[in-house]
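Trainee: Chains B and C, in that order, give the protein sequences.
Under the working numbering, read the first sequence as residues 6 to 292, first letter to last.
Under the working numbering, read the second sequence as residues -5 to 410, first letter to last.
Be careful, since some hints might not be right.
[Unchecked claim] Reference excerpt, derived from the structure (chain B facing chain C, CB under 7 Å, subset only):
| no. | residue |
| --- | --- |
| 1 | ASP46 |
| 2 | VAL48 |
| 3 | THR54 |
| 4 | GLU133 |
| 5 | GLY154 |
| 6 | THR155 |
| 7 | SER161 |
| 8 | TYR165 |
| 9 | THR252 |
[As the list claims (entries may be wrong)] Capping the alpha-carbon separation at 35 Å, the derived lysine-lysine pairs in DSBU-like fashion look like this:
| no. | chain 1 | residue 1 | chain 2 | residue 2 |
| --- | --- | --- | --- | --- |
| 10 | C | LYS166 | C | LYS187 |
| 11 | C | LYS291 | C | LYS352 |
| 12 | C | LYS266 | C | LYS237 |
| 13 | C | LYS242 | B | LYS141 |
| 14 | C | LYS37 | B | LYS141 |
| 15 | C | LYS37 | C | LYS132 |
| 16 | C | LYS247 | C | LYS384 |
| 17 | C | LYS266 | B | LYS141 |
| 18 | C | LYS187 | B | LYS141 |
| 19 | C | LYS166 | C | LYS77 |
| 20 | C | LYS363 | C | LYS353 |
| 21 | C | LYS352 | C | LYS91 |
| 22 | C | LYS194 | B | LYS141 |
| 23 | B | LYS141 | C | LYS54 |
| 24 | C | LYS37 | C | LYS204 |
| 25 | B | LYS141 | C | LYS384 |
| 26 | C | LYS392 | C | LYS352 |
| 27 | B | LYS141 | C | LYS244 |
| 28 | C | LYS166 | B | LYS141 |
[Stated by the list, open to error] Over 12 Å on every C-beta distance to chain B, these chain C residues come out as not near it, computed from the model:
| no. | residue |
| --- | --- |
| 29 | ASN93 |
| 30 | ASP156 |
| 31 | LYS352 |
| 32 | ALA356 |
Simulated from the structure, these hints should not be mistaken for lab results.
By construction, the Cβ of each residue, glycine as well, lies at the ideal position given by its N, Cα and C atoms.
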Amino acid sequence: MGRSRRVLAPYLLILPGGLWLLLFFVIPMVTMLSLSLQQGDIVSGYAFTGHWQTYVDAVVNYRTQLVRSLIYGAVTTIVLIVVAFPVAYWIAFYGGRRKPTYLFLLLLPFFVSFVLRTISWRYILTDEGMLLGPLKSAGILPESFNILGTSVAVISGLVYNFLPFMVLPIYVALERIDPRVVEAARDLYADPPTAFRKVILPLALPGVFAGVLMTFVPASSDYVNSAVLGSSSTTMIGQVIQSQYLTSSNYPTASALSFTLMAVLLIGVFAYARALGTEDVMKVAAR
Amino acid sequence: MQSNLPDPSLIRGLTQRRLGRRDALRVSGLSAFAMALAACGVKGTGSTAPSAPAPDAVAKYWAGKTSNGKVDFANWPLYMDPKHPELKKFTAATGVKVNYQEVIQEMGPWFAKVQPQLAAGQSIGYDLMVITNGIQFKQFVSSGFLAPLDHAKLPNYKANADPSYANTAYDKGNVYSVPWTSGITGIAYDPKKITRPITKLTDLWDPAFKGKVGMFSDTQELANFGLMALGLNPDESTAEDWKKAAEKLKEQKNAGQVRNYYDQSYIDALGKGEVWITQAWSGDVFQKNVSDGTDFKFVIPQEGGTIWTDNFAIPITAQNPLDAIKLMDFFYEVENAATLAEFISYVCPVPAAQEQIKKDAAKLSGDDKAAMEAIASSPLVFPAPSDYAKLHYYVDFKTVAEQQQFQSIFEPIVLA
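Extracted from the complex, chain B is given alone in its bound form (with noise of 0.2 Å):
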């Protein structure tokens, strides 16, 4: 009896988590996979046929979209870590007894849905808003000038939606760093350059690692950032592939972009693991 329960126990604590999974990951997933080999129609319906042809005319027909998300998810990335680490750094070193107060202001705008919260951009940002209105009337911008529908005005309400997923894994591995080691640098006579360099951001990677995965991966699928403050000149693929769904109806397309992103995703990830030469890429993501 004893026995059976000590074989049984750790099936048991797993079977909430795993029912989970493969009601709301697996099935979604092999039924997407299965939709995007199908052929048909919405009215009379889609029937598998194993037509991968459709990969290659989706890919070859969005190929823009495609390219032009994962340029947008790398400079987002970009930006973010240049924005993200001074911030981290100064929280973890110089926030003495408020590190807490600051952590909460960092995550007070998440108490707001973060397209309501992209939507009140819309109204900063517009051709004669509160930002531009005022330097359009004083004669300082022509009045065709405008913000709102070109990559800047994504990117940068991608860089605001995701700068505390980069700020906090940051954080965490700064924090980490035992003050004593960086003493022990300036003991051995490393200046204050030398030690950031040597010392506090090789012990940071593993956070700035982190921080990419939680935000180049969803800053690149995004869409709503695309669709609230961009245009038709700077469609995402995740605009495409909701669009392909939820406006043609045309589900075997939608799929088959949805899995080819996934694809690419995946290798930029592992290749970046790769080349900064983190081993376990999973191990220090979920740290």
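Starting from the known structure of chain B, arrange chain C on it as the hints suggest.
Mentor: For chain C alone, kept in the frame of chain B given last:
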């Protein structure tokens, strides 16, 4: 020489690796996976060619339906006075409560949204919806998603509606739908930004408005303007014409003319100054001017505009169809049709409403009176036969393949 080796099949059996239990599992796992893949097809519900309903379909559908005292109504924004006076009047007269939601902004997304529920025979949460006579109207009909209307329950419609609506190409005899209102797609512009008068479709290609032009994301609306800009008539156009129109529209896009492709949010973009000139639906512009005090102009271009009809329809899975058809008929009482047209400024399907609006105007004075008289005499609300000469109808697709070809020609313009 005679070989003394045994039968080759025996050798093969002895030397080759046999399938172990694990391999068998692996193989059966793979084939199970393949079967799972093949099993997740998406069921369609209709034939590709729209067919006439069975003669007893009406009787069959309406048999045993009872009134439940409520109706859920899905409509487009800017399609009723926000205070919903007509709905209040309906509830006061019949006791039926109306849940009115402005959830439709574009036909493609609306069809895609409700299709899975309708295909599964589930309620979509609405008993009455207003849908345009385009591609998706056909898809609703051929999928069998619309309830056949019982005209015995629509006495006001019979008495008061313009009889020409019984003779449309998209729903001959009003089997599934009756018109909510018609509208005209033309050009709206902000005269504060654009000082010269706009008269032509090709003004949307004028480099002076670079980056300030709005176009529709609905492929039919967009395509129609490309076709008419080339002097082609949308409802007689061919696949060759579509390709030429797509080129014309791509040229506009690649020149940086187009700020964005919009659903009904184009009217906000015009209000915020993001676009100065845009494809527009007639009534929206008047409502915007009334509610926000703007002074936008609406024109039907020289080359022509398009006319479309938004129609009442009851989804086949409606929970309260009897209440829904009651509400439908209510809007064809002359008085109600008149108050609705007074507010929304779209083409009214009830001709007698024109007199009613004039009567309503006589009761008013000053600016209100002038505004009301303008509506009664507006060609955009009560077009005269001569006005129709400038208006074109949507492309009428004969087959699903033709419609898919059309979509695949124009979709990349909106998305890319």
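Trainee: The structure should be examined with respect to each hint, and the outcome stated for every one.
Mentor: Now for the hints, and whether the structure bears them out:
no.: 1; hint: ASP46; result: 6 Å, holds
no.: 2; hint: VAL48; result: 5 Å, holds
no.: 3; hint: THR54; result: 9 Å, violated
no.: 4; hint: GLU133; result: 4 Å, holds
no.: 5; hint: GLY154; result: 6 Å, holds
no.: 6; hint: THR155; result: 10 Å, violated
no.: 7; hint: SER161; result: 17 Å, violated
no.: 8; hint: TYR165; result: 20 Å, violated
no.: 9; hint: THR252; result: 4 Å, holds
no.: 10; hint: C:LYS166 - C:LYS187; result: 44 Å, violated
no.: 11; hint: C:LYS291 - C:LYS352; result: 24 Å, holds
no.: 12; hint: C:LYS266 - C:LYS237; result: 33 Å, holds
no.: 13; hint: C:LYS242 - B:LYS141; result: 33 Å, holds
no.: 14; hint: C:LYS37 - B:LYS141; result: 55 Å, violated
no.: 15; hint: C:LYS37 - C:LYS132; result: 18 Å, holds
no.: 16; hint: C:LYS247 - C:LYS384; result: 26 Å, holds
no.: 17; hint: C:LYS266 - B:LYS141; result: 14 Å, holds
no.: 18; hint: C:LYS187 - B:LYS141; result: 13 Å, holds
no.: 19; hint: C:LYS166 - C:LYS77; result: 34 Å, holds
no.: 20; hint: C:LYS363 - C:LYS353; result: 10 Å, holds
no.: 21; hint: C:LYS352 - C:LYS91; result: 31 Å, holds
no.: 22; hint: C:LYS194 - B:LYS141; result: 29 Å, holds
no.: 23; hint: B:LYS141 - C:LYS54; result: 65 Å, violated
no.: 24; hint: C:LYS37 - C:LYS204; result: 45 Å, violated
no.: 25; hint: B:LYS141 - C:LYS384; result: 39 Å, violated
no.: 26; hint: C:LYS392 - C:LYS352; result: 42 Å, violated
no.: 27; hint: B:LYS141 - C:LYS244; result: 30 Å, holds
no.: 28; hint: C:LYS166 - B:LYS141; result: 54 Å, violated
no.: 29; hint: ASN93; result: 23 Å, holds
no.: 30; hint: ASP156; result: 30 Å, holds
no.: 31; hint: LYS352; result: 39 Å, holds
no.: 32; hint: ALA356; result: 40 Å, holds
In this structure, the earlier hints numbered 3, 6, 7, 8, 10, 14, 23, 24, 25, 26 and 28 are contradicted, and the remaining ones agree with it.
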